[in-house]
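**Q** From first to last, the protein sequence lines stand for chains P and Z. Here this note's numbering is used: the first residue of the first sequence is 1, the next is one more, and so on. Here this note's numbering is used: the first residue of the second sequence is 287, the next is one more, and so on.
The reader is advised that the hints may include incorrect statements.
Claimed, not checked - Label pairs and their computed distance ranges (CB to CB):
#1 Glu-525(Z) with Gly-216(P): 57 to 65 Å
#2 Arg-306(Z) with Arg-199(P): 15 to 23 Å
#3 Pro-169(P) with Pro-462(Z): 29 to 37 Å
#4 Pro-462(Z) with Tyr-240(P): 29 to 37 Å
#5 Pro-112(P) with Thr-362(Z): 32 to 40 Å
#6 Gln-517(Z) with Tyr-240(P): 54 to 62 Å
#7 Val-457(Z) with Glu-253(P): 47 to 55 Å
As the list claims (entries may be wrong) - Here are some, though not all, of the chain P residues that point toward chain Z, as calculated from beta-carbon distances under 7 Å:
#8 Arg-106
#9 Val-107
#10 Ser-113
#11 Leu-114
#12 Glu-116
#13 Ala-135
#14 Asp-165
#15 Phe-168
#16 Gly-183
#17 Leu-186
None of these hints come from the bench; they were simulated from the model. The beta carbon of each residue, even a glycine, is placed where N, CA and C say it ideally should be.
Number of protein chains: 2
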Amino acid sequence: MNLRVVRTAREIRGAVSQARQSGQSIGLVPTMGALHQGHGALIERARAESGCVIVSIFVNPLQFDRKDDYERYARTFPADLEFCRERGVDLVFAPDVAEVYPGDQRVYVDAPSLSEHLCGKYRPGHFRGVATVVAKLFNLVQPDRAYFGEKDAQQLAIIQALVTDLNFPIVIVPVPTVREHDGLALSSRNARLNPKERRSAAAVYRALRAAENNLGAGASAAKEAAIAVLQQEPTIRVEYFEIVDPETLHPVEGIRGPVRIAAAVWAGETRLIDNIYSAGTGRPIP
Amino acid sequence: MNLRVVRTAREIRGAVSQARQSGQSIGLVPTMGALHQGHGALIERARAESGCVIVSIFVNPLQFDRKDDYERYARTFPADLEFCRERGVDLVFAPDVAEVYPGDQRVYVDAPSLSEHLCGKYRPGHFRGVATVVAKLFNLVQPDRAYFGEKDAQQLAIIQALVTDLNFPIVIVPVPTVREHDGLALSSRNARLNPKERRSAAAVYRALRAAENNLGAGASAAKEAAIAVLQQEPTIRVEYFEIVDPETLHPVEGIRGPVRIAAAVWAGETRLIDNIYSAGTGRPIP
């Protein structure tokens, strides 16, 4: 396979323009590297649908609310390249920070109402950083389609709103969460868990399913059932557990339609998030 | 001349794609209509540089901080079309509000530090509305170049930052302010002035020049000289008069380099703005 790595805005524009001229459609998979089979699912979907598959690898400082989290974020570039090569990626765009932010960033993209709850409430500025860098990547790459995982449900909703509300001519393709055998959602952060935390972390998915099974009793009862599951794990501290409207991402009280059930927990020093979509009847939508 | 008018996102994308396929470059002149020779200068510049000249006409509710100002804003669509036709415009994009904002706007573009002073201080949300609609227009039209007047200096600076900081592949072309014989900057709002207000309004430009001539004495003295000019006009009320860094748009005290001198005044019920760029030595940059 011929995997090409480019580092600059000029190079990525040139490479995309070349692919377009040869009639290829462009599929973009934006990542922060530390690639795992969750990213693999995004890449495979992009590979099936696109003439030219581009994976961007950029740990975006603007979306980290804590400097130590930014610095500790896993960087595994040689392995990431191999991962992309094995999956038939055409182009890796891996700019450095000065290429993406050559000066002070003065202009931001923000989705205030979609950022009020869930992770947005606990990570001030996070989604502004995400939306801003994604707008930059969209303008640099100008893909036909961009692929995002459902694991980051709030990010996905914000990026879908970004494309709709700012009229980007790009289709956002959501890709289902990939899970370990015990239900734990794949995440680059899982590598930080010690064996005990790793075992406890599986309770997050069990808690989401417990909430879903109790939706018939109302949102409060469903949340209580979920939190009871998590409280059995001494290494898990709940940051939030919410049942929200899948469109507005605002918490619901009565369950009248589909909902998203979402959680963030700390397993030791590691923050984990997960969510499921539910039709709101107690029966999951696959 | 063949002037085509389109109303929808789908039509404008189709028309642009057609122009591109026939090898034309695209020049966009975003306006709110009520076209005058200030817009004429933008269109003439676009006509000279572009294969396909597009004028958008859209009175953007998102950028009005006051509902009455939005409602009173001049709408002269038939005359605007004639104006465009005479100047060889290829395409007028005139969407209605529901086409541009089909649902609640959830995603915004903002330039907080560039909006702190000057008009941004007195019109909360104004530049967020401008930056957001311009991002939408850029994504709908995807022009090679977009033309903006220097009269709206803060808007121009914010849009230049928007393009740089969000990596839009678009060149922003600034076009000098067009003035009446007595120096009054052309504006759609001038039509609201009664004869007495119209005569007084010329003092704004004289005040800008008075400030420039006194820059050697420092920013405070220069502002005093300018305000003395404006105080001779009983129908004029000063909203702000500032001497700012042309990059950051933050007020300067000592004059060390180029500055922008900017004013907003009320002439009766009509708000007028104007500005000049100065090398900071007392000698104007043409």
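**Q** All hints are to be evaluated individually against the structure, with a verdict given for each.
**A** Evaluated hints:
Here the CB-CB span from Glu-525(Z) to Gly-216(P) is close to 59 Å, well matched to the stated 57 to 65 Å. Hint check: Arg-306(Z) to Arg-199(P), Cβ distance near 57 Å, so the stated range 15 to 23 Å is violated. A hinted range of 29 to 37 Å holds for the C-beta pair Pro-169(P) and Pro-462(Z), which are about 33 Å apart. Separated by about 54 Å at the C-beta atoms, Pro-462(Z) and Tyr-240(P) break the suggested range of 29 to 37 Å.
One distance hint, 32 to 40 Å for the beta-carbon pair Pro-112(P) and Thr-362(Z), holds here, with the actual separation near 35 Å. Range check, Gln-517(Z) to Tyr-240(P): Cβ separation about 58 Å, and the 54 to 62 Å hint holds. Between Val-457(Z) and Glu-253(P) the Cβ separation comes to about 51 Å, which falls inside the hinted range of 47 to 55 Å. For Arg-106(P), the interface hint holds, the least distance from its beta-carbon to any beta-carbon of chain Z being 5 Å, beneath 7 Å.
With a cut of 7 Å, the hint placing Val-107(P) at the interface with chain Z holds, because the nearest CB-to-CB distance is about 4 Å. Hint on Ser-113(P) holds. Least Cβ distance to chain Z is approximately 6 Å, under the 7 Å limit. About 6 Å separates the beta-carbon of Leu-114(P) from the nearest beta-carbon of chain Z, less than 7 Å, and the hint is met. At its closest, the beta carbon of Glu-116(P) sits 11 Å from a beta carbon of chain Z; the interface hint therefore is violated under the 7 Å criterion.
Evaluation of the Ala-135(P) hint against chain Z yields a held restraint, the C-beta minimum of about 5 Å falling below 7 Å. Contact between Asp-165(P) and chain Z, as hinted, is supported at the beta carbon level, the nearest pair being about 4 Å apart and thus within 7 Å. Against a cut-off of 7 Å between C-beta atoms, the interface hint on Phe-168(P) holds, since the closest Cβ of chain Z lies about 5 Å away. Proximity of Gly-183(P) to chain Z is violated relative to the hint, the smallest CB-CB distance being about 32 Å (cut-off 7 Å).
Interface restraint check for Leu-186(P): the shortest CB-CB distance to chain Z comes to about 28 Å, outside 7 Å, so the restraint is violated.
Violated hints, listed in ascending order, are 2, 4, 12, 16 and 17; each of the other numbered hints is respected by the structure.
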